[in-house]
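Hey, can you work out the whole structure from these sequences and the hints?
Chains as they are written, first to last, in the working numbering: chain Z, 1 to 114; chain R, 1 to 113.
Since the hints were derived computationally from the structure, they do not count as laboratory data.
A quick note: this is a predicted structure, and the numbers were derived from the prediction, not measured.
Ideal Cβ positions, reconstructed from N, Cα and C, are used throughout, including at glycine.
Just so you know, not all the hints are guaranteed correct.
Covered stretches of chain Z, as calculated for chain R (at least 3 residues, CB under 8 Å) [stated by the list, open to error]:
1. 36 to 42
2. 90 to 103
3. 106 to 112
Beyond 12 Å from chain R on every Cβ pair, some chain Z residues (computed) [claimed, not checked]:
4. 3
5. 6
6. 12
7. 20
8. 22
9. 26
10. 45
11. 53
12. 65
13. 68
14. 70
15. 75
16. 79
17. 83
18. 84
19. 86
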Amino acid sequence: NAGVTQTPKFQVLKTGQSMTLQCAQDMNHNSMYWYRQDPGMGLRLIYYSASEGTTDKGEVPNGYNVSRLNKREFSLRLESAAPSQTSVYFCASSESVSSYNEQFFGPGTRLTVL
Amino acid sequence: AQSVTQPDIHITVSEGASLELRCNYSYGATPYLFWYVQSPGQGLQLLLKYFSGDTLVQGIKGFEAEFKRSQSSFNLRKPSVHWSDAAEYFCAVGPNAGNMLTFGGGTRLMVKP
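Structure (structure tokens):
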């Protein structure tokens with residue numbers, strides 16, 4: 001089992017460019033999440049998907065969109081990248097939406113916006 | 001609103017020495033508490049969690065944490081640190097208003113040979 005995989009691992013964008021971060025899990029989990037990690041600020045939730053076909057905003061959703069393509073895949077899109085979106089992005093999954101459940105994390109995507 | 005504070009941004013310890021990483025939280029009821037570790041270039045991995053019951057929790061890789069309600073703390077400890085423990089450690093508390101976790105800012109651990 002690969003667990004949670006993310007592509008790409010690294011990306012450099014210019015301000016205004018768009019891109020999609022891909023995430024897939026093979027653990028048959030219902031819930032998936034996108035976080036951003038910034039120095040000293042821990043992880044902040046951008047969007048989550050409680051189950052296939054649903055998505056909800058997290059703490060910092062502005063400037064992002066998501067798609068739950070199927071049970072396995074959850075993508076994050078930056079329509080017009082800004083330098084403030086320079087960060088490390090983590091995808092995670094869990095059996096269901098509940099802070100009781102362990103979340104399993106991917107290796108991250110390091111994004112730089114110039 | 002709940003919050004999590006990890007007062008130490010960086011900590012350096014010698015290999016074989018004991019370790020304590022601090023975590024303080026603000027929460028209205030009995031929280032769920034977690035410690036995650038992030039090794040270089042990797043995603044986060046769960047070390048241990050506390051929901052209820054015994055306040056001393058054992059985790060993987062020889063780590064333990066103690067829930068102290070009176071001090072609003074959930075400090076992580078290890079009696080003897082190994083070089084492979086060098087990583088960033090995150091404390092988290094839940095559930096928040098959205099039934100999600102709130103993460104602390106992290107503590108980066110360096111291990112001297």
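Hints, one by one, checked against the model:
1. 36 to 42: holds (count 3)
2. 90 to 103: holds (count 8)
3. 106 to 112: Our answer is that it holds, as 3 residues pass the Cβ test (under 8 Å) against chain R, meeting three.
4. 3: Given that some Cβ of chain R is not farther than 12 Å from that of residue 3(Z), nearest at about 8 Å, it is violated.
5. 6: 8 Å, violated
6. 12: 18 Å, holds
7. 20: 19 Å, holds
8. 22: 15 Å, holds
9. 26: The assertion about residue 26(Z) holds, with a minimum of 15 Å to chain R.
10. 45: Check fails; 6 Å does not lie beyond 12 Å.
11. 53: 18 Å, holds
12. 65: 18 Å, holds
13. 68: Holds: least Cβ distance 17 Å, greater than 12 Å.
14. 70: Given a closest Cβ separation of 21 Å, the condition holds.
15. 75: 17 Å, holds
16. 79: 24 Å, holds
17. 83: Nearest chain R Cβ is 21 Å from residue 83(Z), so the label holds.
18. 84: 18 Å, holds
19. 86: Nearest chain R Cβ is 18 Å from residue 86(Z), so the label holds.
The structure is inconsistent with the numbered hints 4, 5 and 10, although it conforms to all the rest.
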